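For the protein sequence lines, the chains are A and B, in the order given. Counted from 1, the first sequence has number 27 at position 28 by numbering that gives the first Met the number 0; the numbering is strictly sequential. Counted from 1, the second sequence has number 13 at position 14 by numbering that gives the first Met the number 0; the numbering is strictly sequential.
Accuracy of the hints is not assured; some may be wrong.
Partial pick of chain B residues on the chain A-facing surface, computed with a CB cut under 7 Å [stated by the list, open to error]: (1) 191; (2) 194; (3) 195; (4) 247.
Derived from the structure by calculation, the hints contain no laboratory data. Source: prediction; values computed, not measured. In this text, a Cβ means the ideal position worked out from N, Cα and C, and glycines have one as well.
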Amino acid sequence: MDADTAARLAAGIGMGLATLGPGIGIGYLTGRTSEAIARQPEASGDIRTAFIIGMALTEALALYAFVIAIILLFVA
Amino acid sequence: MLLAEEGSSKIVEALHELNVQTIVSIPKVGPFDFSISNAVIYMWASAVIVFAFFFIVSRRLRKQPDGLQIVAEILLNFATGHLTGQIGEKGKKYYYLILTIFSYILVTNLIGLIPKPEFLRPYTPTTNINVTFGMAMVVFCVTQFQGISRHGVGGYMKTWLTPPGVPKALAAPLNGIFFVVHFMGEFFKPLSLSVRLFGNTIAGHLIILVMLGLLLEYASAVVIIPAALFVVIMTAFEVFVAFIQAYIFSLLSVVYIESAIYAGH
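Just need the whole structure built from these sequences, with the hints factored in.
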């Protein structure tokens, strides 16, 4: 396996693995958010803001891997 | 991106939209390239749109607001209330910055989603990491300036050390660890801000372009019908993402500035 093939393989496998953690995280976050809104609908505004901040921070992890994959594919 | 040489399939051809094309080339000054590319032109265009929108609205304010004024008032209320409102009195003046960032990112994202003919050299400025990192650096500078001007250099550094209440014997060795972690954290904030916006926009555009390339490459009903449906759905989702990303970028900027103002609390 030459370096180019290895880089492509690493990009694909890495991207797939990197979606696992944030996927679980966002799922958990969404579940807890809807639970909280169901329990206290009048606080839904604050809860939604906290949800979006948390979602952005979680999602960034997958995006780091995405950037690494792009670097592996096109730059390295 | 370096997509040019690899093969000549239609999929690769479709991805050429992500390339920066130089339109007016200006000789390099040292390491800096000042030539005007399509990215620069679309950035100027969106800046002009944002400026013209608020300028025109501010010239024709009325007691009974019409459509444009209602949109501008909603944006302004959103920036002063929901976004910078959480900082409190000290952060009131930051709504200029936050409103500008929000509307600029929104307009650049939406400009990129409008399908354009070839001669307009379509490009989305936010799919370029330099653009997003530039905006994140502005937020970073404002944050550090806030922290230093409110607490002084020494006072600001002190908020990076061990929080009060830790026993003296433990505090001394922990100080070093806390300082390094906080110091690195400050530099990862602009990095994560820029990568988040860049990654979200480029991922959406890549998926749409790959699907369009599939349409051109395999001209059969088995591919065309699902791919075309997927493109329509993804484009609608990208409009949603454009709003969400503009909101997240400005919200996190507010959170970072707030954390510098109230550092140590």
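Okay, the hints, checked on the actual structure:
no.: 1; hint: 191; verdict: 5 Å, holds
no.: 2; hint: 194; verdict: 6 Å, holds
no.: 3; hint: 195; verdict: 5 Å, holds
no.: 4; hint: 247; verdict: 4 Å, holds
Hint violations for this structure: none, all hints satisfied.
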